[in-house]
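Generate the whole structure from the sequences, applying the supplied hints.
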Amino acid sequence: MEEIAAERGKRASSRVSEEGAGWTCAQIGTFTRLRPDKQGFSWLNVRTLWRSRNEVLAGLFGDPSGEVRARWVASQREREADAEFRIRPDVGESFDFLLLGDTGEGDASQYAVVPGMLKAGQGTAFAVIASDVLYPAGSGNEYGDKFFRPYQDYDAPIYAIPGNHDWYDGLGGFMRVFCDAPPLKPRPDRGPRGLLWRRPETIDERVLAEARELRSRPSQQAAGQAAQPGPYWVIESPSLLVVGVDTGIKGAIDREQTAWLRRVSLDPRPKILVTGKPIYTRNEYKPSKLEEGGTIDDIVRDPRHRYVAAIGGDVHNYQRYPVKVGDRVIHYIVSGGGGAFMHATHTIRRVDVGGVHEDDYRSYPLRGDSLSFYSHLYAKRLRMKWIGLTPDEAACIMAEQIKNTPVRPIDRPVKVTARMRWAARLLGSWPWPFRLPVGTVFQHYLSELSDWDTPPFFKQFLHLSVTPDRLTVRCLAATGCLQQELEPPVEDEVVIDLTDLS
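Note that UniProt numbering has the sequence shown beginning at 1, numbered continuously upward.
A few of these clues could be false.
Said to hold, decoys possible - Capping the alpha-carbon separation at 20 Å, the derived lysine-lysine pairs in PhoX-like fashion look like this:
1) K324 / K286
2) K415 / K403
3) K286 / K250
4) K250 / K289
Just so you know, the hints here were simulated from the structure itself, not pulled from any lab data. Bear in mind the structure is a predicted one, so any value in this text is a computation, not a measurement.
What follows is the structure in structure tokens.
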């Protein structure tokens, strides 16, 4: 039955039709009834920028995430958390689970994912949030509408690894919610960073307790323990290990976590790495650095460790790079489309990083859909109708640039004009010094220019099926349209053999 549903999902995807992409939305989805009524935050608000200042300070004066993480880990060990930060759900050899990245804006783009997630999540053993559980600054007082409320009907545990935004609160909110950890004792930090650094907010315990009631069923609690053991962890099953690492604000892995990761990685079972920073993204190789030297990808690529995939959040779309490493293939995946505004895919050049051929690379949204959407967004907001591009026009422009055949069939012949090319330049599909904000660099300051509250949303999450012989990874779309809520489209699928990892 699962295979039949997947085939239907592929036929209903954006790779087949504009309807599958959400361009023609016969009926808005039910997410509108789920989302909070109150107004969300704005990145242009001075208070929001001040609360998010740790990103800038970490770049100027050094990222203290490693030393603070070590204190959190020591605190958890004192509280008798599992020594190796293991999570052992009772799942057997075969099970399914979900993975979402960059979820917590608390607005329409997050809630649009929820109905399809609940549909696809029926019978799954657990879910994982990979990076940025909460925006803008990880406050423990904001988990109600941005975590507990949207996922109150998901009837299984949810584990998480923190992203850079969760660290803007010194990880205090994250550790309280997911690890049930008390606050750390204040420690003086001399110098400019110490004077300006934002420390964890005092949590309103009454508000948090009320929020927790929304996910208080026994089936929703961490397996066999009160909470997850720490900011990094390993979920163990007979067939597969899911290894989650904490990359802090700037992506570095401290010595203690590195030593733990090396120990965990020597387990003979196949593994997936879940990380707050993707290793491959936007046709670039960007592995997190280890404090002791080298990168996290050195551990992933070591054949003794038997990693089959590395999945990272932080970038708000889906990308997959099947990289050949020796005689095997490791799938490097970006999965950050779980709730925040979309980062463009049309600015990604023809793929060649890591020896990956363009034809083997996958992304969602499709580059043409990304370009078309941003063209309409700015045509409306800047009153520049001339930059608007239909999905077919945008797909043809991207095919001209990428030198490939449009992924989705074009309904009618398209003549690419000078107007269309200039619009594409302005929107960043060609190298150009003056472009509108569509990329990750604008995330912290101009995100509302790239945010919207109506379909298509181009959100996504992963459904992973594990058996002793294989791992199946599916990227499922959330457009905000009712049809895609009822039957989430399958935008990508890869089946990984777990029996031949020599």
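Results of checking the hints against the structure:
no. : hint        : verdict
1   : K324 / K286 : holds, 17 Å
2   : K415 / K403 : holds, 16 Å
3   : K286 / K250 : holds, 12 Å
4   : K250 / K289 : holds, 10 Å
Of the numbered hints listed earlier, not one is contradicted by the structure.
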